[in-house]
Amino acid sequence: MQPETAIRVERISKTYGDFRAVNDLSFEVYRGEIFAMLGPNGSGKTTTMRMILDILKPDTGRIEVLGGILTDATKDKIGYLPEERGLYRNVRVLEMMEYLGTLKGLSSNEAHKRSLALLEQLDLADHAKKKVSELSKGMQQKIQFAVTVLHDPELIIIDEPFSGLDPVNTLALKDLVMAFRAKGGTVVMSTHQMWQVEEMADRLLMIHKGEQQLYGPVEDIRKRYALHAIVVEGQGDWAALPGVERIETVENGRKGTLLYLESQTTTDDILAAIATTRNMSIERFELAVPSLNDIFIRVVEEHGQ
Amino acid sequence: MKQHLLQVFLYELRRNLRRKGFLFTTFGIPLLAYVLFFGYQIITNLSSQDKPAADPAQEILGSDQFRTLQKAGYVDLSGLFPRPDEQLGQILTAYSDETAAAAMNTGEIDVYYVISADYLETGDVTLVMPRFSLGQTTDAPIRRLVLNYLAREVDQDLFNRLLNPANIQEINLQRDSTGETASNFDTDFVVVYVFALALMLSVFITNGYLMQTIIEEKETRLIEILISGMRPTQLLAGKIVALGLLGLLQIVVWVAALLLLANIATGNAIPVLASIANISLPLDKVLILLLYFIFGYLFFAGAYGMVSAISTSMQEGPQFAVIFTLPAVIPLYFLAIFIESPDAALPTILSLFPVMSPLAMVMRISITTVPIAQILLSLVLLIALDVLMIWMAGRLFRVNTLLAGQTPKLKDIPRLLRG
Numbered sequence: 065m066q067p068e069t070a071i072r073v074e075r076i077s078k079t080y081g082d083f084r085a086v087n088d089l090s091f092e093v094y095r096g097e098i099f100a101m102l103g104p105n106g107s108g109k110t111t112t113m114r115m116i117l118d119i120l121k122p123d124t125g126r127i128e129v130l131g132g133i134l135t136d137a138t139k140d141k142i143g144y145l146p147e148e149r150g151l152y153r154n155v156r157v158l159e160m161m162e163y164l165g166t167l168k169g170l171s172s173n174e175a176h177k178r179s180l181a182l183l184e185q186l187d188l189a190d191h192a193k194k195k196v197s198e199l200s201k202g203m204q205q206k207i208q209f210a211v212t213v214l215h216d217p218e219l220i221i222i223d224e225p226f227s228g229l230d231p232v233n234t235l236a237l238k239d240l241v242m243a244f245r246a247k248g249g250t251v252v253m254s255t256h257q258m259w260q261v262e263e264m265a266d267r268l269l270m271i272h273k274g275e276q277q278l279y280g281p282v283e284d285i286r287k288r289y290a291l292h293a294i295v296v297e298g299q300g301d302w303a304a305l306p307g308v309e310r311i312e313t314v315e316n317g318r319k320g321t322l323l324y325l326e327s328q329t330t331t332d333d334i335l336a337a338i339a340t341t342r343n344m345s346i347e348r349f350e351l352a353v354p355s356l357n358d359i360f361i362r363v364v365e366e367h368g369q
Numbered sequence: 003m004k005q006h007l008l009q010v011f012l013y014e015l016r017r018n019l020r021r022k023g024f025l026f027t028t029f030g031i032p033l034l035a036y037v038l039f040f041g042y043q044i045i046t047n048l049s050s051q052d053k054p055a056a057d058p059a060q061e062i063l064g065s066d067q068f069r070t071l072q073k074a075g076y077v078d079l080s081g082l083f084p085r086p087d088e089q090l091g092q093i094l095t096a097y098s099d100e101t102a103a104a105a106m107n108t109g110e111i112d113v114y115y116v117i118s119a120d121y122l123e124t125g126d127v128t129l130v131m132p133r134f135s136l137g138q139t140t141d142a143p144i145r146r147l148v149l150n151y152l153a154r155e156v157d158q159d160l161f162n163r164l165l166n167p168a169n170i171q172e173i174n175l176q177r178d179s180t181g182e183t184a185s186n187f188d189t190d191f192v193v194v195y196v197f198a199l200a201l202m203l204s205v206f207i208t209n210g211y212l213m214q215t216i217i218e219e220k221e222t223r224l225i226e227i228l229i230s231g232m233r234p235t236q237l238l239a240g241k242i243v244a245l246g247l248l249g250l251l252q253i254v255v256w257v258a259a260l261l262l263l264a265n266i267a268t269g270n271a272i273p274v275l276a277s278i279a280n281i282s283l284p285l286d287k288v289l290i291l292l293l294y295f296i297f298g299y300l301f302f303a304g305a306y307g308m309v310s311a312i313s314t315s316m317q318e319g320p321q322f323a324v325i326f327t328l329p330a331v332i333p334l335y336f337l338a339i340f341i342e343s344p345d346a347a348l349p350t351i352l353s354l355f356p357v358m359s360p361l362a363m364v365m366r367i368s369i370t371t372v373p374i375a376q377i378l379l380s381l382v383l384l385i386a387l388d389v390l391m392i393w394m395a396g397r398l399f400r401v402n403t404l405l406a407g408q409t410p411k412l413k414d415i416p417r418l419l420r421g
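If you read the sequences in order, they're chains A and B. Residue 162 in the numbering used here is what sits at position 98 of the first sequence, and the numbering runs on without skipping anything. Residue 364 in the numbering used here is what sits at position 362 of the second sequence, and the numbering runs on without skipping anything.
Treat the hints with care, as some may be off.
Stated by the list, open to error - A few chain A residues facing chain B, derived, Cβ under 8 Å: (1) K139; (2) L151; (3) Y152; (4) V155; (5) R156; (6) L167; (7) L170; (8) F349.
Quick caveat, the hints were computed from the structure, so don't treat them as lab data. It should be emphasised that the depicted structure is a prediction, and the values quoted were computed from it without experimental measurement. We put the beta carbon where it would ideally sit given N, CA and C, even for glycine.
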């Protein structure tokens, strides 16, 4: 069954003076998924997000959000957490949340109740009457996310949500995002932290110089970039196996040996060879799928910095 | 859409109403004036209770010095005041026509007075001073001399009346007549001049807050969240209306406090305040003041809106704002001309020129009867400039400028205005 579309972007372009920030970009985001936007700095991610939010107008192309062209009513169904996010520093937490909530269509009463409930949920209820400047950075980040989801949006767009966070707060924010998705919300996020994408995202879009480079389910992309190789751990002379072209020791992450196979050799052939060879034992055997980080670097290098 | 404007308006109203700076300038300053006034009263009363009732003639003649002069001289051509007594002689010395100037040159005296030969008939006295100083233009030495010589022996009641010859109640025909009347520097001027200053002060304060809130939102990048849900111009409009209302509130509080204080001070030791109490500001002047406040405020709202849109920090904003605030207070530099000849070319031009007219026209109106055509022309020009400034602020107050991390160069401004 075709998933329902939350965002449809069709051939959008955006130019600043002589600089083309986004060039003929098209993609879709499905309802209920976590959609990651990747790309080096200045690749056009933030510009694309701003165009989705109608903060910027595309020069050409068309964008539909939550079933149509963005209207004031639809905007109230979206939560936005920009990269360089901030809060009023000398305003009390509760008061500021209520104001931003009313700007998203909540009544004052409703904004008050929801703010209190969210602060309670985030263990920040004791800080409701404090000024933002009195809170730690981690607390402020939680408040910022709380503001993003205060009006119970259907879609949140979060730009680099984990930048500048320590591991504890990163985990806390990640849990909040996952909880939002678990309730049926749609998430569009941009990040440089590839492992977060691997762990959280269902699909991704990679942009470079304003153009689409990779687009699709995360696992499909990783497999697409898989090497004709396997990673093994165990005992034996791996280089002597028939069909193995060369071997390499895996240095990063979990240790192992990378076996590059000859073009006509399959993984089944190698598995059979190991099973029939004496003095060989195997503890791990898997396809050599590159990390998103490797893919990211490879794509950027292929297309030039 | 209107909902957002209302929400911004209500929030800015609440937030700025609780601002310590706003509370202090609006309520704290009048309160301080009250404290000083009543403190002065209490101290005066206490010290007068300690002393036996003094002879007012001796009080005047016996003080050590004049208020603004250390020592004065006089040349008596009338022959009425040959030499002051020993006590007055310590601060006032008689000279011949030839020696007075030399005494002033050597610093023996600060100034000297030449009392004309027909002084009794004309009251003509010439004041000679080394350089012009407003503080030294006083007739206190002559008054003392007159009291010392001519009134020393008179009856106590008569002496008191000589000291305080009239309790004047004003009837100002200029208010009630549409015909030409001579221009007068009366107490109205003090009141309206104070109002004009209060108006400008309030405009600067509230627009300063406008700039501060916008730049804060830019600095913290909260602006991006705000304009993701509304148009930037809605945000600007909500703030302008809220802070304009606060400015009006501030003026109402100041004026009310001043009039109340003046009423309390009626018949009191502070004659300026006492005279203010006798004045009822005519409705047409109040209306004109109000119009100049509103349109003056809108001009600066546009100007400060533009400055906020292009400034990236709280340090930068006020520096740009000086471009607009400095010309606005130029009429104050020509105060003397306004008082002497309010209908002369310079005051007239300044009161028509939009940036300066809120202050200049209010000053002129307080002194003279300004032709209605001039007031209308001045208002039309001011409104036209308001429209231009607000339009330009709206053009600059857009996403590209607001989200830019750096201040645009001067040459980029026309391009940004064109969009």
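Status of the hints after comparison with the structure:
1. K139: Because about 5 Å separates A/K139 from the closest Cβ in chain B, which is inside the 8 Å limit, the hint holds.
2. L151: holds, 6 Å
3. Y152: holds, 7 Å
4. V155: Check passed: Cβ of A/V155 comes within 7 Å of chain B, closer than 8 Å.
5. R156: Check failed: Cβ of A/R156 comes no nearer than 10 Å to chain B, outside 8 Å.
6. L167: The hint holds - A/L167 has a Cβ within 8 Å of chain B, the shortest such distance being about 5 Å.
7. L170: violated, 10 Å
8. F349: Nearest chain B Cβ about 49 Å off; hint violated.
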